[in-house]
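Enquirer: Top line first, the protein sequences correspond to chains A and B.
Using this note's numbering, the first residue of the first sequence is number 1, and each one after it goes up by one.
Using this note's numbering, the first residue of the second sequence is number 1001, and each one after it goes up by one.
No lab work stands behind these hints, which were simulated from the structure alone.
Only a predicted model underlies this, so the values are computations on that prediction, with no experimental measurement involved.
In this text, a Cβ means the ideal position worked out from N, Cα and C, and glycines have one as well.
Check the hints yourself; a few may be wrong.
As the list claims (entries may be wrong) - Derived lysine-lysine pairs resembling BS3-like cross-links, with alpha carbons at most 25 Å apart: (1) B:Lys1196 x A:Lys37; (2) A:Lys29 x B:Lys1182; (3) A:Lys69 x B:Lys1148; (4) B:Lys1196 x A:Lys29; (5) A:Lys230 x B:Lys1232; (6) A:Lys230 x B:Lys1182; (7) A:Lys226 x B:Lys1248; (8) B:Lys1035 x A:Lys69; (9) B:Lys1196 x A:Lys69; (10) A:Lys230 x B:Lys1248; (11) B:Lys1214 x A:Lys226; (12) B:Lys1148 x A:Lys62; (13) B:Lys1066 x B:Lys1049; (14) A:Lys37 x B:Lys1182; (15) A:Lys230 x B:Lys1229; (16) B:Lys1148 x A:Lys226; (17) A:Lys226 x B:Lys1131; (18) A:Lys230 x B:Lys1077; (19) B:Lys1077 x B:Lys1131; (20) A:Lys74 x B:Lys1049; (21) B:Lys1035 x A:Lys74; (22) A:Lys58 x B:Lys1035; (23) B:Lys1131 x B:Lys1182; (24) B:Lys1049 x A:Lys226; (25) B:Lys1131 x A:Lys62; (26) B:Lys1214 x A:Lys230.
Unchecked claim - Here are the in silico distance ranges between beta carbons for each label pair: (27) A:Lys74 x B:Lys1035: 19 to 25 Å; (28) B:Asn1047 x A:Lys84: 38 to 44 Å; (29) B:Lys1232 x A:Glu259: 36 to 42 Å; (30) B:Leu1234 x A:Phe64: 34 to 40 Å; (31) A:Asn296 x B:Leu1158: 29 to 35 Å; (32) A:Glu259 x B:Asn1238: 32 to 38 Å; (33) A:Ile301 x B:Lys1232: 54 to 60 Å; (34) B:Asp1027 x A:Glu23: 50 to 56 Å.
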Amino acid sequence: MRIVKLPKERFSELFEALKSWGEVHAPVKVGRFYSFKRVESLGEFTLSYTRTMIPPKKYFVKPFEDILKVHVEKGYEPIVEESKRIVLLGVHACDINALRILDGVYMDEIPDHYYASRRSNSMIVGVSCEPDEYCFCKSVGADYAWTGFDLFLHDIGDSYLIRVGGSKGESIVAELTGVVEEPTSIDYVKLRDYELKRSRMFRRSLNASYLPEVVDSLYGSELWAKYSDKCLGCGSCNLVCPTCRCYDVTESLDLNMVEGVRSRRWDSCFLRSHALVAGGLNFRPTRLDRFKHRYNCKSSIDQRTGMLFCVGCGRCTVFCPAGIDHLEVLNSIWGLR
Amino acid sequence: MAGKVRVGFYSLTGCAGDLLSILNIEDRLLEIFEKVELVEFVMASSNVKPGGVDIAFVEGSVTTEKDLKALKEIRAKCDRLVALGDCAVWGGVQASLTGLDPRELMKSVYGTEQNLYGFLGEHKPLSEVVKVDLELPGCPIEQEEFIKAFVSLLRGDLPEVKDYPVCIECKIREVPCLVVEKGEACLGPITVGGCKARCPYHGVPCIGCRGPIKDEANVAGELLMLMEKGWKPLDAINRMKLFAARYKDLAKLVGRG
């Protein structure tokens, strides 16, 4: 891993190099928030943004997709899409850490080949960010990406210091010979100053130590119901969560009664069918059960990365129509204020 | 025609929009009907055959004595009964009047308190009267959902019963949330999906035309949410009543049931 310096006035040269590698997708303002979308020119996107509603996982596990062709006599055949290279430009550290968690889930012993092929055809370009009133990534250790990116752009004012995270990143930097520079010690002082300033900007925190045990231990608390009564069970928190990874699979035949498709769709543990099993048993029959389940899941540890399953991006709070605050719930259950 | 599945389409009280939606699947209509023996579909053909049916598709609410009698007869002669559309599933928009004095209603519309057409006094969904095997919600139904259900039923199966709200489809299509971003009175969180969030996609808040998610929709939570966004309780309840008046939790909120 190494670090280079890119003066901001030469950012367009980096952008062109990324575009020559693949389709560039970056945060575009949609409504009050942002969405990763394909961009062709610098004016279409911003690297200074709060959060997208839908996290980058949408590029690797699609919200809805047909995965198998079905034939009642011939059986199943995978639907293979044309592979294309995608650069995600402007990914925050929390979202990069979330992708590391998803990588472990989807590319473990039995890789999901839809996910794996898209992931290997992607380049992740991180960008440093400043927290808003909903961010708490720092308290869960997801405010910094040690790995999981190809390039990471750190804003130090008039330049970016770029950490180069692998061969794909190196190939881009190689194209920028004469554009990027060796950083000086003054640049590193600026980097440190930026980090200190950013660190002081966090207004919200979660007591992450002991959290898995405490939340599990307080499963029987009566306080959960106060929030699950308000919860609409709509599943928005799951779909906007960068680490929620459940999907549902359905299969249907066309009118010819012979051919059909098997599809998958992002699922939510707030839906009735999520814990409904053969024979009609539902092991999480009520919204209270599902509510507690979600908080337990988000407050548990991913054994592969050693990280909490919550990266502190704040999306579930921002996009909850009922206005349920993830931190308020956990603090209240714990008895903290 | 021996061996083909016998199918009937029936209409109770409603605008007949669900059966019309089926006839509007024009490019695939022959493909649909060549697979079955059509026993009755008055909107499509005056040729009504006698005898029982394997699958009965019924639209409309149980509003009159005539509806009640017809539905019981259909149930008695069919193997599987499918409720088509919001009227059959929830009683329809007309059920939003549940609780009002039927004589007053009769007077305001017809100028007489006399029960002119055997009105039962309320508009019931089929499931409050007979056993229903499958419900396809919507006002009107979604054509794609009907086709999938039709194929499943012909195979002796049942289709996926949607248990997810419109919010899920908004997120899948990345539609900015009308509640979060604009404080609009969107009923997406309590309304069963399947419409691909058609209205929110066009910036229009959901009015709940596919009905509440059965046994799941948190109408008290929705009411609280709308009140927090500045909506008057009565306005919020009336909005929900339009398509969900007979949902038990909403009935409780408005003091019935």
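Enquirer: For each hint, tell me whether it holds in the structure or not.
Expert: We went through each hint and held it up to the structure:
1. B:Lys1196 x A:Lys37: Status holds; Cα separation ~20 Å.
2. A:Lys29 x B:Lys1182: Holds, at about 16 Å.
3. A:Lys69 x B:Lys1148: Cα-Cα ~16 Å, so holds.
4. B:Lys1196 x A:Lys29: Distance of about 22 Å is within 25 Å: holds.
5. A:Lys230 x B:Lys1232: Distance of about 18 Å is within 25 Å: holds.
6. A:Lys230 x B:Lys1182: Measuring from Cα to Cα gives roughly 20 Å; hence the hint holds.
7. A:Lys226 x B:Lys1248: holds, 21 Å
8. B:Lys1035 x A:Lys69: With a Cα-Cα distance of about 23 Å, the restraint between Lys1035 of chain B and Lys69 of chain A holds, given a limit of 25 Å.
9. B:Lys1196 x A:Lys69: holds, 22 Å
10. A:Lys230 x B:Lys1248: holds, 18 Å
11. B:Lys1214 x A:Lys226: Between Lys1214 of chain B and Lys226 of chain A the Cα gap is close to 22 Å, so the pair holds against 25 Å.
12. B:Lys1148 x A:Lys62: Holds - the C-alpha atoms of Lys62 of chain A and Lys1148 of chain B are around 22 Å apart, at most 25 Å.
13. B:Lys1066 x B:Lys1049: Judged against 25 Å, a Cα distance of about 20 Å means the pair holds.
14. A:Lys37 x B:Lys1182: holds, 22 Å
15. A:Lys230 x B:Lys1229: Holds, because 14 Å separates the two Cα atoms, which is no more than 25 Å.
16. B:Lys1148 x A:Lys226: Answer violated: Lys1148 of chain B to Lys226 of chain A is near 40 Å, above 25 Å.
17. A:Lys226 x B:Lys1131: violated, 36 Å
18. A:Lys230 x B:Lys1077: With a Cα-Cα distance of about 45 Å, the restraint between Lys230 of chain A and Lys1077 of chain B is violated, given a limit of 25 Å.
19. B:Lys1077 x B:Lys1131: Judged against 25 Å, a Cα distance of about 13 Å means the pair holds.
20. A:Lys74 x B:Lys1049: Not OK: Lys74 of chain A and Lys1049 of chain B at ~38 Å, beyond 25 Å, violated.
21. B:Lys1035 x A:Lys74: Holds, at roughly 22 Å.
22. A:Lys58 x B:Lys1035: violated, 39 Å
23. B:Lys1131 x B:Lys1182: This hinted pair is violated, its Cα atoms lying about 42 Å apart.
24. B:Lys1049 x A:Lys226: Roughly 57 Å separates the two Cα atoms, so the pair is violated.
25. B:Lys1131 x A:Lys62: Since the Cα atoms of Lys1131 of chain B and Lys62 of chain A sit roughly 38 Å apart, the hinted pair is violated (cutoff 25 Å).
26. B:Lys1214 x A:Lys230: At roughly 18 Å apart (the allowed maximum being 25 Å), Lys230 of chain A and Lys1214 of chain B satisfy the hint.
27. A:Lys74 x B:Lys1035: 19 to 25 Å: holds, 21 Å
28. B:Asn1047 x A:Lys84: 38 to 44 Å: violated, 54 Å
29. B:Lys1232 x A:Glu259: 36 to 42 Å: Cβ of Lys1232 of chain B to Cβ of Glu259 of chain A: about 52 Å, so the range 36 to 42 Å is violated.
30. B:Leu1234 x A:Phe64: 34 to 40 Å: holds, 38 Å
31. A:Asn296 x B:Leu1158: 29 to 35 Å: holds, 32 Å
32. A:Glu259 x B:Asn1238: 32 to 38 Å: violated, 46 Å
33. A:Ile301 x B:Lys1232: 54 to 60 Å: For Lys1232 of chain B against Ile301 of chain A, whose Cβ atoms are near 46 Å apart, the range 54 to 60 Å is violated.
34. B:Asp1027 x A:Glu23: 50 to 56 Å: Given a distance of about 34 Å, which is not inside 50 to 56 Å, the answer is violated.
Taken one by one, the earlier hints fail for this structure at numbers 16, 17, 18, 20, 22, 23, 24, 25, 28, 29, 32, 33 and 34, listed in ascending order.
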